[in-house]
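Residue numbers for the sequence shown follow my numbering, so the first one is 1 and each next one is one higher.
Hints in this document: simulated from the structure, not taken from any laboratory.
Backbone N, C-alpha and C define an ideal beta-carbon position, used for all residues, glycine too.
Any given hint could turn out to be false.
[Stated by the list, open to error] Within a straight-line C-alpha distance of at most 30 Å, the following computed DSSO-like cross-link-like pairs (lysine-lysine) qualify: (1) K388 x K294; (2) K388 x K296; (3) K329 x K294; (4) K296 x K329; (5) K329 x K388.
[Unchecked claim] Computed beta-carbon distance windows for the label pairs: (6) V58 x G325: 52 to 62 Å; (7) G295 x I20: 39 to 49 Å; (8) S370 x N286: 16 to 26 Å; (9) A319 x N417: 21 to 31 Å; (10) L223 x L134: 21 to 31 Å; (11) T227 x V17: 29 to 39 Å; (12) V220 x D277: 35 to 45 Å; (13) T227 x I273: 29 to 39 Å; (14) N417 x L191: 55 to 65 Å.
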Amino acid sequence: MSGFDLSVSVSLVTVFVQGILSFFSPCVLPLLPLYLGYLSGSMGDAQGAQTSRVKTLVNTLFFVIGISAAFFLLALGMTALGQALHQYQKIIIQVGGILIIAFGLFQLGVFRPMALEQDRRIRFPLQKLAMSPLVALVFGFTFSFAWTPCVGPALASVLLMAGSADTALQGFALIGLYTLGFVLPFLAVALFAGGLLKLFQKHRNVVRYTVKVGGALLVVIGLLMVTGWMDTLSGSLAGSDPQATPTVQVTQQPEATDTPEATDAPEESQAPIPALDFTLTDQFGNTHTLDQYKGKTILLNFWATWCGPCRSEMPDLQAVYEDYGNNEKDLVVLGVAAPNLGQEGSTEDITAFLEENGYTYPTLMNEDASLFYSYGISSFPTTFMIDKNGNVYGYIMGAQSREVFDDIIQQTMDGANS
1 MSGFDLSVSV SLVTVFVQGI LSFFSPCVLP LLPLYLGYLS GSMGDAQGAQ TSRVKTLVNT
61 LFFVIGISAA FFLLALGMTA LGQALHQYQK IIIQVGGILI IAFGLFQLGV FRPMALEQDR
121 RIRFPLQKLA MSPLVALVFG FTFSFAWTPC VGPALASVLL MAGSADTALQ GFALIGLYTL
181 GFVLPFLAVA LFAGGLLKLF QKHRNVVRYT VKVGGALLVV IGLLMVTGWM DTLSGSLAGS
241 DPQATPTVQV TQQPEATDTP EATDAPEESQ APIPALDFTL TDQFGNTHTL DQYKGKTILL
301 NFWATWCGPC RSEMPDLQAV YEDYGNNEKD LVVLGVAAPN LGQEGSTEDI TAFLEENGYT
361 YPTLMNEDAS LFYSYGISSF PTTFMIDKNG NVYGYIMGAQ SREVFDDIIQ QTMDGANS
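Working from the sequences, and respecting the hints, build out all of it.
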């Protein structure tokens, strides 16, 4: 699959900075008080009050490992494991939300009376739930799903850059640098939290309130995840930050051949990847298939009504649709929405949204979200370009400007003719 040349140089420093910026995205920063509350909440007993800085760093490391593991798995959208995570993402979020609510209730003291009524010979160390590497790992893995709208595109871009590296070692280096950039701020927070632990040890009356506040925050976040409102919150936060949506897309390099002439021959193009077929109905009741647009370039835009970046680029998509001939000429503009997926509304709600905002380009209603899973969509918006031969030319994540849309359209058209 060919990549879009957006004239952006990929350097080690750039990847490292992307990791740092991912930490400071508006989907992560609002949850830092929750994370600090979780750390300070461990001081509810004598053992917690003596938590060492090393132990805090260890828990932070496991927290970040959980985040990184989930992002890496979600980025593998075309693998069986990645597909399973996409398909059951809502269930994973809800189960994680229930666990977080349970941890929050424990910090609030709800489970302590129950523990005291148990047979003294049965020792169930509930206090360890407040601070342990395993719990930190679960928290990191769970929260990462809520952060995907902001952080997912940046990580996916880095993974795609790694996929285009000349060697596997270079690819791993890119991923490692991104992870390092993302980890270092968390470790800095952990060091700062270690100072707070000592401060709170001197002022134990403050600890009593931080434990309750941390527990309450956990319950609130858990409820947001169970009800699905975390998607809406993350999407809104992502939409408020123009830096949260990257505009770089690099795809895989052609595979090397075993022929002796490979080193001397000109660079060969990668085998084309046929676009996945579909038969879907738009907001007007019209049916669309991939085959009916053979011979035309297709812009396929995956979006959601609750997604701020999606809403920000839709006026440009409407302009592209109109300026290129309302799908009657060489370019076809198609949106794709998934009714009732997560916080998405019904088909009627999506149609009403389009009508209210004056968007007339066809939006395909993918009721079972099968096209989202098949194309490995991990963040909104994501735009696929399909050439006139029905092959995927490339794709790009994040909200784009009119200039970028014109650029990738022209590249796709030129690429199909070369």
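For each hint, the structure was consulted:
no.: 1; hint: K388 x K294; in the structure: holds, 6 Å
no.: 2; hint: K388 x K296; in the structure: holds, 4 Å
no.: 3; hint: K329 x K294; in the structure: holds, 12 Å
no.: 4; hint: K296 x K329; in the structure: holds, 8 Å
no.: 5; hint: K329 x K388; in the structure: holds, 12 Å
no.: 6; hint: V58 x G325: 52 to 62 Å; in the structure: holds, 60 Å
no.: 7; hint: G295 x I20: 39 to 49 Å; in the structure: holds, 45 Å
no.: 8; hint: S370 x N286: 16 to 26 Å; in the structure: holds, 19 Å
no.: 9; hint: A319 x N417: 21 to 31 Å; in the structure: holds, 25 Å
no.: 10; hint: L223 x L134: 21 to 31 Å; in the structure: holds, 23 Å
no.: 11; hint: T227 x V17: 29 to 39 Å; in the structure: holds, 35 Å
no.: 12; hint: V220 x D277: 35 to 45 Å; in the structure: holds, 43 Å
no.: 13; hint: T227 x I273: 29 to 39 Å; in the structure: holds, 38 Å
no.: 14; hint: N417 x L191: 55 to 65 Å; in the structure: holds, 56 Å
Taken one by one, the earlier hints all hold for this structure without exception.
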